[in-house]
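From first to last, the protein sequence lines stand for chains L and F.
So the first sequence is numbered by our numbering: it starts at 1 and just counts up by one.
So the second sequence is numbered by our numbering: it starts at 154 and just counts up by one.
I should point out that these hints are in silico values taken from the structure, not numbers from a laboratory.
Take these hints with a grain of salt, some might be off.
[Stated by the list, open to error] Distance ranges between label pairs, derived from CB positions:
| id | chain 1 | residue 1 | chain 2 | residue 2 | range |
| --- | --- | --- | --- | --- | --- |
| 1 | L | 36 | F | 224 | 27 to 35 Å |
| 2 | L | 108 | F | 174 | 43 to 51 Å |
| 3 | L | 108 | F | 189 | 46 to 54 Å |
| 4 | F | 258 | L | 3 | 27 to 35 Å |
[Claimed, not checked] Far from chain F, by Cβ distances over 10 Å, these chain L residues were calculated:
| id | residue |
| --- | --- |
| 5 | 5 |
| 6 | 6 |
| 7 | 11 |
| 8 | 49 |
| 9 | 114 |
| 10 | 133 |
If you're wondering where the values come from, they're calculated on a predicted model, not measured in any experiment.
Even glycine gets a Cβ: it sits at the ideal position worked out from N, Cα and C.
Each chain, written out:
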Amino acid sequence: MTGQVGYSWPTRSSTSSVDPDTGLASSTPNPQFLTYGFTLQYSMPYLKSSVVDLDLPAFLNHLISIVETQFATPVANNSGTGVGTTGTINPGVICVGNCFQVGLEAIVPVNHASGTGVGVLAQLHLYLDDIFPKTIGRPLFGPQTGTPQPPGN
Amino acid sequence: MHYLSTRVRLFLLLCLASTAHALLDHASPRVGSTVVAAPTELLLWFTQKLEPAFSAVEVRDASGARVDDGRVQLDSSDASLLHVPLKPLVRGSYEVRWRVLSVDTHTT
Chain L
1 MTGQVGYSWP
11 TRSSTSSVDP
21 DTGLASSTPN
31 PQFLTYGFTL
41 QYSMPYLKSS
51 VVDLDLPAFL
61 NHLISIVETQ
71 FATPVANNSG
81 TGVGTTGTIN
91 PGVICVGNCF
101 QVGLEAIVPV
111 NHASGTGVGV
121 LAQLHLYLDD
131 IFPKTIGRPL
141 FGPQTGTPQP
151 PGN
Chain F
154 MHYLSTRVRL
164 FLLLCLASTA
174 HALLDHASPR
184 VGSTVVAAPT
194 ELLLWFTQKL
204 EPAFSAVEVR
214 DASGARVDDG
224 RVQLDSSDAS
234 LLHVPLKPLV
244 RGSYEVRWRV
254 LSVDTHTT
């Protein structure tokens, strides 16, 4: 389980505009937001290697189930904006290999202000140092054939 | 032609990651298992090739006494397989602790 909390300030406290028809100027405040979220994951590779090996099919042993959430709540400079908390809940699954990682998540908005449909998030991570161990997988600086430190040091 | 509905947005992120750590893939006897006959050695298969000089495995009984003989041997034909010879075992529960170094110098 992981979590994060942040705070975002707009570069401008308000946005001004002029109505082209009436010529009247208006100003809309840009709220400051508290951003937060968490992830809940369970790793089947961890289950197999550290808890109990259930002799499941190899594909299942490479999966990590995951639920990610992210929210933004206006906490300042939001008077009269009508802006409320928005966020998404993203359930999905990650498949971990030795040289890559593939993930697929649904993006479910928590309310109407967050969106009106379900989206999809796909991700592909390549472990380039494993794919190209003799080129970009080598250290950029220092000896190329240095002696590694023994465990515990 | 729209390959994706306007309600479905597909993001493809290509990122770098460095996870060349050797993780335990499987073991014999299996992790968390109960066996009828006492094994004479423990076999550990990892996800990466290992550097045996900097890899260590300890097998302890319920009282904390080591029941491995202190040697860790890399398989002659599979550099990701460790052999851990065991002392004669009696009925009981045993815990395995390992720490290994993959050939690309990542410690797990």
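Violations among the numbered hints, reported as their numbers in ascending order: Hints 1, 2, 8 and 10 contradicted; others consistent.
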